[in-house]
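Trainee: Going down the list, the protein sequences come from chains A and B. Each residue of the first sequence is one higher than the one before, starting from 1 at the first, in the working numbering. Each residue of the second sequence is one higher than the one before, starting from 1 at the first, in the working numbering.
Warning: the hint list may mix true and false statements.
Said to hold, decoys possible - Label-pair distances were calculated between CB atoms; the ranges are:
hint	chain 1	residue 1	chain 2	residue 2	range
1	B	332	A	6	26 to 34 Å
2	A	53	B	491	18 to 26 Å
3	B	393	A	76	23 to 31 Å
4	B	65	A	78	33 to 41 Å
5	B	419	A	47	31 to 39 Å
Said to hold, decoys possible - Distance condition first, Cα-Cα at most 20 Å in a straight line; then the derived EDC-like pairs of lysine to aspartate or glutamate:
hint	chain 1	residue 1	chain 2	residue 2
6	A	75	B	96
7	A	13	B	343
8	B	307	A	45
9	B	240	A	65
10	A	75	B	419
11	B	289	B	66
12	A	13	B	357
13	A	13	B	352
14	A	92	B	66
15	A	62	B	241
16	A	5	B	357
17	B	24	B	66
It is worth saying that the hints were derived from the structure and are not from the lab. Please read all numbers here as calculations on a predicted model, not as lab measurements. Ideal Cβ placement from N, Cα and C applies to all residues, glycine included.
The residues making up each chain are set out below.
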Amino acid sequence: MAVDKSTVAHIAKLACIRIPEAQQEALAGELNSILGWVEQLGELDTQGIAPMTSVVEMRLPKRVDAVTDGDCRDKVIANAPESAHGFFSVPKVVE
Amino acid sequence: MARLNELTIAVARDGLAKGDFSAKELTEASVAAMESVRPLNAFITETPERALDMAQASDARRAKGDVGVLEGIPLAIKDLFCTEGVLTTAGSHILDGFIPPYESSVTANLWRAGAAMLGKTNMDEFAMGSSNTTSYYGNVENPWRRQGENRPLVPGGSSGGSAAAVAARCAPGATGTDTGGSIRQPASFTGLVGLKPTYGRCSRWGIVAFASSLDQAGPLTRTVRDSAIMLRAMAGHDPKDSTSVDTPVPDYEAALSGDVRGLRIGIPKEYRMEGMPGEIETLWRDGIKWLEAAGAITVDISLPHTKYALPAYYIVAPAEASSNLARYDGVRYGLRVPGATLDEMYEATRGEGFGAEVKRRVMIGTYVLSAGYYDAYYNKARRVRALILRDFTEAFENVDAILTPTAPSAAFAIGERMDDPIAMYLNDIFTVPANLSGLPGISVPAALTGDGLPLGLQVIGRAFDEETMLRVAGVLEDAAGFDAEPAFVAGR
């Protein structure tokens with residue numbers, strides 16, 4: 001199930017990364033060689049083995065469902081490439 | 001006495017305690033050294049004023065009798081750790097101008113222990129690489145050279161700037177992070193000690209995330225003792241990281257008794273790879289002899305799924321990366337490349353902000369998590385990961401630690417192995433299994449190649465038994481007597 005140029009364009013769309021058409025062919029080749037190499041996992045019988053979720057045998061701790069910080073609007077937007085009136089600003093999304 | 005910038009952490013600590021010099025003098029020496037190592041491109045951001053302020057504050061604390069375990073020690077910090085008020089880039093264009101309004105837990109612990117920050121070190125972009133050639137801020141050069149050659153070599157990666165800074169005697173220690181070998185492999189390439197703790201030992205809070213189930217912070221130092229000292233200050237439970245483990249942090253330095261009599265050391269036969277250079281084979285055999293001479297018992301063991309660790313890693317790590325890196329969208333921080341619509345802005349920002357290797361891994365991760373492939377790739381890899389952990393669990397029923405080489409080669413030239421991603425991935429073949437299974441690993445400099453480059457031996461320990469691992473590493477260090485120095489040393 002080789003990755004072709006159109007699959008690269010599809011993955012790029014899913015990943016929200018612009019990949020110029022001229023680069024898609026080369027990237028397809030690279031992805032194929034990596035995917036071909038990881039294919040060797042198919043040699044292993046993993047029937048009945050549960051997929052690992054965590055290497056640490058611990059119960060995830062719970063915390064109280066309470067507000068623990070706030071009042072830091074200026075800190076939150078301090079790094080924004082663009083902001084206005086205390087909000088992040090983005091291109092118009094609603095016509 | 002050696003120049004101040006060339007002291008180890010333990011020696012500097014004793015000198016400070018005796019009043020031979022002040023933290024300010026020690027830090028001034030490192031700041032001057034930082035300037036003199038600029039040709040290596042080890043730092044992305046230098047913070048000399050902050051370093052001197054912190055050193056002076058340390059001297060003031062000491063005068064009052066308030067002395068932390070790293071009191072007055074200047075350190076270099078990998079640019080993956082968020083540092084309040086100081087540019088943090090992760091080696092990526094996409095974090096342009098990002099100044100964190102908070103401090104990572106690990107660095108906060110270091111400052112609480114009395115250390116001073118010299119600056120932020122260069123690294124592979126988002127910690128993805130084994131050669132420090134994927135940084136937006138340029139390649140880092142290894143201070144070592146092959147004998148009779150002046151070709152610049154890679155320092156390893158991804159913590160390459162940290163490794164170069166410590167090897168060139170600019171800082172006595174530096175932080176690194178290790179997702180697949182990013183502390184241990186550069187340590188091996190630059191003649192340093194590099195320690196990846198057990199997953200959960202150091203808080204990941206405030207460290208720019210790459211693959212959250214694998215990432216761990218750890219020290220890069222010149223001696224095993226220094227790594228023990230630094231790890232004690234870095235480690236500890238943190239409620240802000242739900243995977244941080246709430247167990248007491250031992251005094252690791254106290255574990256360095258030098259006594260390994262009766263310890264059982266596993267030698268995994270699967271790490272004897274075809275095509276492995278003879279020098280590495282010889283070094284491994286020397287390591288076995290050194291431990292046996294010190295009274296340890298070496299035991300042949302089998303970790304049958306070793307060859308599948310790297311391919312499983314290259315599914316799990318990119319999958320987690322594709323999810324973690326989804327946050328870089330040009331809205332809240334960092335680079336923004338304009339687009340007519342919101343989607344176009346995202347795509348343009350990420351297309352321009354990520355380098356080639358990061359794009360490749362995010363694309364692989366997106367693919368293996370996408371509908372129709374999730375089970376065949378991602379779940380398969382997680383099942384294999386369970387088998388790899390089982391290999392170690394069974395081995396550790398019979399041994400106390402495992403000895404292997406750290407990397408399949410010494411440092412290579414900048415530009416080599418760039419055409420084939422898989423050839424580059426093979427650098428981490430001996431280090432990745434410890435990440436997949438969450439186990440602690442340490443690389444100890446143990447020999448020079450025929451052309452004068454350092455090689456490391458790796459000790460892998462039981463989960464949360466860094467103490468035994470450090471004890472074995474200390475004995476290897478003593479037996480190896482590695483005292484070679486790189487071609488490029490600050491100020492010489």
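Trainee: Taking the hints in turn, state whether each one holds.
Mentor: To see whether the hints hold, each was checked on the structure:
1. 332(B) x 6(A): 26 to 34 Å: holds, 32 Å
2. 53(A) x 491(B): 18 to 26 Å: violated, 50 Å
3. 393(B) x 76(A): 23 to 31 Å: violated, 44 Å
4. 65(B) x 78(A): 33 to 41 Å: The hinted range 33 to 41 Å holds for residue 65(B) and residue 78(A), with Cβ atoms some 38 Å apart.
5. 419(B) x 47(A): 31 to 39 Å: At 38 Å between Cβs, range holds.
6. 75(A) x 96(B): holds, 17 Å
7. 13(A) x 343(B): holds, 10 Å
8. 307(B) x 45(A): holds, 14 Å
9. 240(B) x 65(A): holds, 14 Å
10. 75(A) x 419(B): Since the Cα atoms of residue 75(A) and residue 419(B) sit roughly 43 Å apart, the hinted pair is violated (cutoff 20 Å).
11. 289(B) x 66(B): Violated, because 44 Å separates the two Cα atoms, which is more than 20 Å.
12. 13(A) x 357(B): holds, 18 Å
13. 13(A) x 352(B): Given that 20 Å is the threshold and the Cα spacing comes to 15 Å, the pair holds.
14. 92(A) x 66(B): Violated, because 56 Å separates the two Cα atoms, which is more than 20 Å.
15. 62(A) x 241(B): Given that 20 Å is the threshold and the Cα spacing comes to 11 Å, the pair holds.
16. 5(A) x 357(B): With Cα atoms ~18 Å apart, residue 5(A) and residue 357(B) stay inside 20 Å; holds.
17. 24(B) x 66(B): Measuring from Cα to Cα gives roughly 16 Å; hence the hint holds.
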